[in-house]
Amino acid sequence: MKERNGKRFSTIRKWFSGIPALGWLLGAFVAVIIEYYFGESLADMLGLDRIPVLFGVVIMLKKPAAIPGAFAYVFMIYVLPVTIIARITSKAMNWLAVLLEKLPLWMSAILHLILLYYILDLWADMSDYRLLLLKLSLIAIMLTLSLNVINGYMGEFSCSHPGFMALGAYTASIFTVGLFMNDRILGHALISTIPSWMGQIVFPLGLILGGAIAAIGALVVAIPSFRTRGDYLAIISLAFMFIVKSGFENLEVFGGPRGLGGQPDWATLPAVFIWAVLCVWTINNFVESTMGKALNAVRDEEAAAEAMTVNTRKTKMIAFMFGAFWAGIAGGLFAHVLRYVNPGTFGLKKLAEVLAMVYFGGLNSVIGSIVGAVGFNLLSEMLRPLEIFKWIIIPVLLILVMIFRPTGLIAFKHFDIREILKPKLKMKERV
Amino acid sequence: MTYFFQNVINALQWGSFYALIALGYAMVYSILMLFNFAHGDIFMAGSYIGFGVATGLLYLVTSGFFSLPHWLILVLTIIISMFLTSFLGILVERIGYRPLRNAPRASAAITGLMIGIILETGNLALLGARRLGFPSLIMTKTYEMGGVFVTNKKILVVLVSLGLMLALDQFVRKTKWGMAMRAMSYDFVVVPLMGVSIDVIAPLTFAIGSALAAAGGVLYGIAYPVLDPYMGILIGWKAFVAAILGGRGSIMGAALAGFLLGFIEIFVTMIFPSTLRDLIAFSIVLVILTFRPYGFFGKPYSAKLRL
Amino acid sequence: MKKGFLAVTFVLALLMVGIGFTHAPAVQAKTIFIGMNIPLTGDIPKVGESSKYAGQMWLEDLNKAGGLKVGGKTYKVKLVIEDNESKADSAVSVATKLITEDGVLAIVGPQSSKQAVPAGEVCNNYKCPMISPWSTNPATTKDRPYVFRGCFLDSFQGPVMANFVTQEFGFKKAAVLYDVASDYPKGLAEFFKKAWEKLHGAGSVVAYESFTTKDTDFSSQLSKIIKSGAQFLFLPQYYNEVPLIVQQAHALGWKKPIVGSDSWGSPETVKLCGKDCYGCFFCTHYAAAGAKGATKAFIDRYKAKYGYVPDDVAALTWDSLHIIQKAIESCGKLTGKIKVDRKAVRDAMAKIKNFQGITGKMTFTEEGDPIKCAVIVKISDKGEYRFYKSVCP
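Protein chains in written order, with my numbering: chain A, 1 to 431; chain B, 1001 to 1307; chain C, 2001 to 2393.
Just so you know, these hints were derived from the structure itself, not from any lab.
Note that the structure is predicted; figures quoted are calculated from it, not measured.
Any given hint might turn out to be false.
[As the list claims (entries may be wrong)] Pairs of lysine to aspartate or glutamate, EDC-like flavour, derived with a Cα cap of 20 Å:
(1) Lys2030/C - Glu2060/C
(2) Lys2255/C - Asp1187/B
(3) Lys2333/C - Asp2347/C
(4) Lys2337/C - Glu252/A
(5) Lys2030/C - Asp49/A
(6) Lys2127/C - Glu40/A
(7) Lys2339/C - Glu252/A
(8) Lys2030/C - Asp125/A
(9) Lys2142/C - Asp265/A
(10) Lys2256/C - Glu1144/B
(11) Lys2076/C - Asp49/A
(12) Lys2193/C - Glu252/A
(13) Lys2078/C - Glu252/A
(14) Lys2127/C - Glu252/A
(15) Lys2194/C - Glu252/A
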């Protein structure tokens, strides 16, 4: 019986193995279009009040009676169209993928990303709740990835990510609120009334500034902690996090514990999406570069790396600041998505969350971080109807993941864009 | 001058808690090279268990099953809750750490963190959101000595924690088990080959650490009689800082670092505006670590992650 | 294989059509959804629990009456209770979810300001009325026509206490101890300091000490306060810290009066604090002991149902829900178009005058802040909250 199941499973796998990334994206695109036009009436037909917002899980937990309807909905809107379209068009898509392969990699990647963006945009267009979750998930991806550089690729245990986030969030907010908004705390806008398109131009400046400040903050942690190898980074970074939080609580100018609100609404989906893509792209390049390899060498055996002419201290410092920079950018975006920032947000709770996302997704792996961040975020949003028990189920899940896959779901995997985008059928069919 | 001595007394009490909790972290860290992030919540659980034991004993006494003086109830509460909480420590080791013995150390730290969250939320789900008042087992008596106010509770807290620390020190240095632990901290590849099983030492380490946390929890309940499910988080993380500040391989170093952290926090408040306490206290920690990167009593070592 | 796949698809499609028919599109029941955005987990689970209980009691009343009557029609009411984990980002997602997904007509909560400020922004943007029963930060309602609050502001409470102490005891030197990381105590401490210095001149607050959320040892700060020679201590803290601070102060030899703020108003304060708190004064929304009329009825019912005397959060949440109910009722009719109805409810709410709640009479200002009286309560020797004095703006 088991053998037969295995066989059946492998047939299903074979059935779908010839589909390139483009095919899956097309399938998802069609699914989202179907949901966009027919979702409402289908939901109505299935006896649901409205379109199930997060793949039906929230509805199922709230109303057990809606379980068959929600299942049917998810099956008909997502599972069926994606699989059928992907399978039917697999030949055509492989042919297209072959064509795209001839283009430079970045061009083909951008084409795929545009398609991905439109899928996400359409999906989020159906509900602002989805939009918010999407933005927060993208930001979580950036945070997780940047911590993975330090905790995964470098193999240290850093606890200061909320601190870097806070630095980025405050710097970016002070930049945008102080310059462009009338605010009770920071007074009149220095540059009042700018057209909204200008916002999208100056906003990156604020974010980069935030990232830079976070990187400088990282230097404060890095200088004492990388003189030696040990677990001192863990407490120095923890102390740093307490210092940053306490510092912002005492800075009356920026609202103190009351926080700073009224950020302009510039963190739109395209902006967050572009930043997230940039983050994934640069971090992936970084860890695949010589520097990244040196970092892995430092992690595995510092003395040996030193002997092989790796400047271990410099490597570690650069990687640490690099991670902090992206955490700062993520923090800036976070503040502008919520349009409010307060020191209390960047405490031990946030730390536990970010750590959980990194280790859930997988160490040393870009794709793992993406899976971890999105998975954790969706899970914690989907299980919200369970109230208190949510925070029992999520930790139990994480412990199980750790026990059965101690380095996370997808650890130690290269994120090879070419490999992902390439056509999946054998040469015979391509010619 | 009385003001200064008053604060010394205050710091002694506050430092005792950091020291007691830091000991548990340091045991696990020094001997097994692991971070036990569930420790703050084990402390919380210990306090709640102490609450249960004390209430139970008080109930039995008032309903006339037997009669005990209050100080004896206190001693029994401490001993029974230490005993019970040590099983919680063993459970944490069994669930969160043993399956991950060959995994990266950080993964085990995450399971610890998650067990901590389960303990907090489980407590919230079981007992509800109400805060519990720890039964007052001893009447507060305030003594004045030349303008310095000392309560019997403060004396009790400091004495009991010092006593426990001495006992632990003797245990680690004088007994066979303690020797096995110290051996393990040198090398956990070779020592198991000598017939000291890590499957015995690891639970024992967790159990002793948890028992100390429980004692800390009961004393904490006596000194600060408001219990809530999240009470272990902040004090736990700060004690974690103290544990590593002490230096690896030196369990007593952790206790001293715990007292030091208590003193830093209290005296920073004494000298500077109290709003800046965390800022200045942790900046001092940062500076100390810059000059003594292995902590106070730690020796340089290679913390090669088992990745 | 291909055939099997098709067959499965076909069967499933049939099944779904079947489901579709059995679940004939239900006529949209006339239901009003009210959202609650409250912290059931996180730092202040007790606040969430009290709000939830008050909400359930309110719903029970409505269900007993058969529903909410608006313009001759009766609507069923459902509460959508969501946990914001006491986090700002979660509060924003919850508010967004309640508005866009659950289609609520109005939202109660979040309770504490760090969540109410960002969530208020969301509600105002979507033009959904929101009322925060407990948030005292001015920024929550400032420039937000759709956001209201159910409690008086710190800018009112601070001077009330300063005046009360001056008149009652004739003191000149004050000490304040507050939590610097939490905006309610901090804001109140600042307003109190300002009011006190206005009465007694600069430097009359001789000790202005602070600590951080979750601290339990205050000995150093209290030693400083004792040394400063202050005549009384103002303690704008929550009920989980008050017992610890008062007990520690007494252990350090403090014998002078201690006065508090509305955050003392939970029965837990005295339960946890014991005799140490007897004789203290604080300012609050209502006095539980000796309460009359609707207030007493509410307290008795709550106590019978959940086993303890309701705290200020429960009372304020109860009032907030009734304000929403009154606003909906006075809309005249509901169109069924949620956006139109939300605006109607908001307008009706802004017009509410002299609303008789269990925490006193309320009228909203243009900002959406209520004008209401404060009550000064003395903790009696039996540990009851005895009405002492009423102060109106």
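Outcome of the hint check:
no.: 1; hint: Lys2030/C - Glu2060/C; in the structure: holds (18 Å)
no.: 2; hint: Lys2255/C - Asp1187/B; in the structure: violated (57 Å)
no.: 3; hint: Lys2333/C - Asp2347/C; in the structure: holds (13 Å)
no.: 4; hint: Lys2337/C - Glu252/A; in the structure: violated (44 Å)
no.: 5; hint: Lys2030/C - Asp49/A; in the structure: holds (13 Å)
no.: 6; hint: Lys2127/C - Glu40/A; in the structure: violated (24 Å)
no.: 7; hint: Lys2339/C - Glu252/A; in the structure: violated (39 Å)
no.: 8; hint: Lys2030/C - Asp125/A; in the structure: violated (27 Å)
no.: 9; hint: Lys2142/C - Asp265/A; in the structure: holds (18 Å)
no.: 10; hint: Lys2256/C - Glu1144/B; in the structure: holds (17 Å)
no.: 11; hint: Lys2076/C - Asp49/A; in the structure: holds (16 Å)
no.: 12; hint: Lys2193/C - Glu252/A; in the structure: holds (16 Å)
no.: 13; hint: Lys2078/C - Glu252/A; in the structure: violated (42 Å)
no.: 14; hint: Lys2127/C - Glu252/A; in the structure: violated (31 Å)
no.: 15; hint: Lys2194/C - Glu252/A; in the structure: holds (16 Å)
Hint compliance for this structure: hints 2, 4, 6, 7, 8, 13, 14 are not met, and every other hint is.
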